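Q: Here the protein sequences come in this chain order: E and S.
Each residue of the first sequence is one higher than the last, beginning at 115 in the working numbering.
Each residue of the second sequence is one higher than the last, beginning at 3 in the working numbering.
Among the hints, a few may not be true.
Straight-line Cα separation of at most 20 Å, PhoX-like style, residue types lysine-lysine; simulated pairs [what the hints assert, rightly or not]: (1) S:4 to E:209; (2) S:58 to E:202; (3) S:58 to E:123; (4) S:57 to E:203; (5) E:197 to S:82; (6) E:202 to E:274; (7) S:64 to E:123; (8) E:119 to S:57; (9) E:229 to E:123; (10) S:58 to E:119; (11) E:202 to E:123; (12) S:57 to E:273; (13) E:197 to S:57; (14) E:203 to E:123.
Here are the computed distance ranges between Cβ atoms for each label pair [claimed, not checked]: (15) S:31 to E:276: 37 to 45 Å; (16) E:251 to S:68: 22 to 30 Å; (17) E:220 to S:19: 15 to 23 Å; (18) E:227 to S:80: 16 to 24 Å; (19) E:278 to S:57: 17 to 25 Å; (20) S:5 to E:264: 26 to 34 Å; (21) S:6 to E:213: 16 to 24 Å.
Chain S is faced by these chain E residues, among others (derived, beta-carbon under 7 Å) [as the list claims (entries may be wrong)]: (22) 122; (23) 125; (24) 128; (25) 129; (26) 132; (27) 142; (28) 146; (29) 149; (30) 150; (31) 176; (32) 194; (33) 284; (34) 287; (35) 301; (36) 305; (37) 306.
Worth flagging that the hints you see were computed from the coordinates, not collected in a lab.
Since we're looking at a predicted model, the values are computed, not measured.
All residues carry an ideal CB built from backbone N, CA and C; glycine is no exception.
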Amino acid sequence: MDTLKINYKSIYYPPGGILMWIIIFLELITFGMAIVVFAFYASEQPELFHHSRMQLNSTFGAINTVFLLTSGFFMANAVHEFKENNLKKSSLYFKLTMLGGMFFLILKSVEYYHKIEAGITPETNVFFTFYWLLTAFHLVHVIMGLVILIWTNYGMMKKKSDTGVEDIEACAAFWHMCDLIWLLLFPVLYLIF
Amino acid sequence: MKNTLLFTYGFLILLTISTALISNLVTVSGLAVGLIMGLSMLKFFLVSFQFMELKKANSFWKGSLIFVLGVIVLVFISLK
């Protein structure tokens, strides 16, 4: 296993890699701009946004936040165990991370099912256009993250594995990015208006 | 290291519960919006600095993240 010491203090080597952090910033700016436009529309139609927001289940949102934070905690542990050369423990934490992600997907699917059953679609009004677009775009990231986790865990546990610390950190950074985006979306969509 | 992660996780869960309680118990006024967004920012920084280990990174990355999130939240609150 590659145990090259990484100089994190160098501007070129943030934990997870410079390319991953460029992606994280681009994603945050993209979601951030959407949130700002969402707030602009909300200031023009406050009653519509309040009425629509009340149709969302904030308990589902809060539980999903807990699922993502828990999986993020397991991810951080997986990286720590990998650095300590405890591959089996690291792999166990990878699986627990994936479990958290799966729970998030299941609860989100239940929430979407309820919305569709109630006839709430992206065409219902501008609030729900944003709700569907932002949450679905985030969901795509979670699914992508799960694929990366499965792939990295598989590669890590292979005999003669060439998976290094940078690969594990990049994978972890992507997964945590899903947490970060959700931490912005949850209060904006479910709690404030 | 593991204790730090566990403490951070516990604190994050506590902050999530607090945020949900504030939104349910308090009428969503300007103060409540500031409080909810402030707690969410704190959670955001705990995840990035502790779980993603950004605390070890060059100040450029720390400063950039604080700046980007600060601008997003400030513009959001001013529009709200």
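Q: Compare the structure with each hint and give your call.
A: Hint check:
Between residue 4 (chain S) and residue 209 (chain E) the alpha-carbon distance is near 18 Å, which keeps this suggested pair within the 20 Å criterion. For the proposed pair residue 58 (chain S) and residue 202 (chain E), the alpha carbon gap of about 26 Å is over 20 Å, so the pair is violated. Of the supplied pair hints, the one linking residue 58 (chain S) and residue 123 (chain E) holds, its CA atoms being roughly 6 Å apart against a limit of 20 Å. Simply put, residue 57 (chain S) and residue 203 (chain E) have alpha-carbon atoms about 24 Å apart, too far for the 20 Å limit, and the pair is violated.
With a C-alpha separation of about 44 Å, the suggested pairing of residue 197 (chain E) with residue 82 (chain S) is violated against the 20 Å cut-off. A distance of roughly 15 Å separates the Cα atoms of residue 202 (chain E) and residue 274 (chain E); the hinted pair therefore holds under the 20 Å criterion. Proximity of residue 64 (chain S) to residue 123 (chain E) is assessed by CA-CA distance (about 11 Å); at most 20 Å being required, the pair is judged to hold. With a C-alpha separation of about 17 Å, the suggested pair residue 119 (chain E) and residue 57 (chain S) falls inside the 20 Å cut-off, and the hint holds.
Among the hinted pairs, residue 229 (chain E) with residue 123 (chain E) is inconsistent with the structure: their alpha-carbon atoms are about 47 Å apart, more than 20 Å. Distance restraint check for residue 58 (chain S) and residue 119 (chain E): the Cα-Cα separation of roughly 13 Å lies within the 20 Å cut-off, and the hinted pair is therefore satisfied. This hinted pair does not check out: residue 202 (chain E) and residue 123 (chain E) have alpha carbons roughly 29 Å apart, beyond 20 Å. Only pairs whose Cα atoms come within 20 Å are accepted, and residue 57 (chain S) paired with residue 273 (chain E) is rejected, the gap being roughly 33 Å.
With a CA separation close to 17 Å, the supplied pair residue 197 (chain E) and residue 57 (chain S) stays within the 20 Å bound. Taken as a hint, the residue 203 (chain E) and residue 123 (chain E) pair is broken in the structure, with Cα atoms around 28 Å apart against an allowance of 20 Å. With their beta carbons about 56 Å apart, residue 31 (chain S) and residue 276 (chain E) fall outside the hinted range of 37 to 45 Å. With their beta carbons about 24 Å apart, residue 251 (chain E) and residue 68 (chain S) fall inside the hinted range of 22 to 30 Å.
The beta-carbon spacing between residue 220 (chain E) and residue 19 (chain S), approximately 21 Å, falls within the hinted interval of 15 to 23 Å. The hinted range of 16 to 24 Å is not satisfied by residue 227 (chain E) and residue 80 (chain S), whose Cβ atoms lie roughly 36 Å apart. The given range of 17 to 25 Å is respected by residue 278 (chain E) and residue 57 (chain S), whose C-beta atoms sit roughly 22 Å from each other. A beta carbon spacing of about 29 Å between residue 5 (chain S) and residue 264 (chain E) agrees with the range 26 to 34 Å that was offered as a hint.
Separation of residue 6 (chain S) from residue 213 (chain E) is about 23 Å and conforms to the stated range, judged on CB atoms against 16 to 24 Å. For residue 122 (chain E), the suggested interface contact is upheld, since its CB lies about 4 Å from the closest CB of chain S, less than 7 Å. Checking residue 125 (chain E) against chain S: minimum C-beta separation of about 4 Å stays under 7 Å; hint holds. With a least beta-carbon distance of about 4 Å to chain S, the hint placing residue 128 (chain E) at the interface is held under the 7 Å criterion.
The criterion of a C-beta within 7 Å of any C-beta in chain S is met by residue 129 (chain E), whose closest approach is roughly 4 Å, and the hint holds. For the restraint placing residue 132 (chain E) at the interface with chain S, the shortest Cβ-Cβ distance is roughly 9 Å, beyond the 7 Å limit, so the hint is violated. The closest approach between the C-beta of residue 142 (chain E) and any C-beta of chain S is roughly 6 Å, which is under the 7 Å cut-off, so the hint is satisfied. Interface restraint check for residue 146 (chain E): the shortest CB-CB distance to chain S comes to about 4 Å, inside 7 Å, so the restraint holds.
For residue 149 (chain E), the shortest C-beta to C-beta distance to chain S is roughly 6 Å, which falls under 7 Å, so the interface hint holds. Using the Cβ-Cβ criterion of 7 Å, the hint placing residue 150 (chain E) at the interface with chain S is satisfied: the shortest such distance is roughly 5 Å. A distance limit of 7 Å between C-beta atoms decides the matter here; for residue 176 (chain E) the minimum to chain S is near 5 Å, and the interface restraint holds. Because the smallest distance between the Cβ of residue 194 (chain E) and any Cβ of chain S comes to about 6 Å, under 7 Å, the interface hint for this residue holds.
Below 7 Å, beta-carbon pairs count as interface contacts, and residue 284 (chain E) has none with chain S, the closest being about 11 Å; its hint is therefore violated. Here the hint on residue 287 (chain E) is kept, as its CB sits about 6 Å from the closest CB of chain S, short of 7 Å. Given the 7 Å rule on beta carbons, the hint for residue 301 (chain E) holds: about 5 Å separates it from the nearest Cβ of chain S. Proximity of residue 305 (chain E) to chain S holds as hinted, the smallest CB-CB distance being about 4 Å (cut-off 7 Å).
For residue 306 (chain E), the interface hint holds, since its Cβ comes within 7 Å of a Cβ in chain S; the closest pair sits about 6 Å apart.
Checked against the numbered hints given earlier, the structure breaks hints 2, 4, 5, 9, 11, 12, 14, 15, 18, 26 and 33 and satisfies all the rest.
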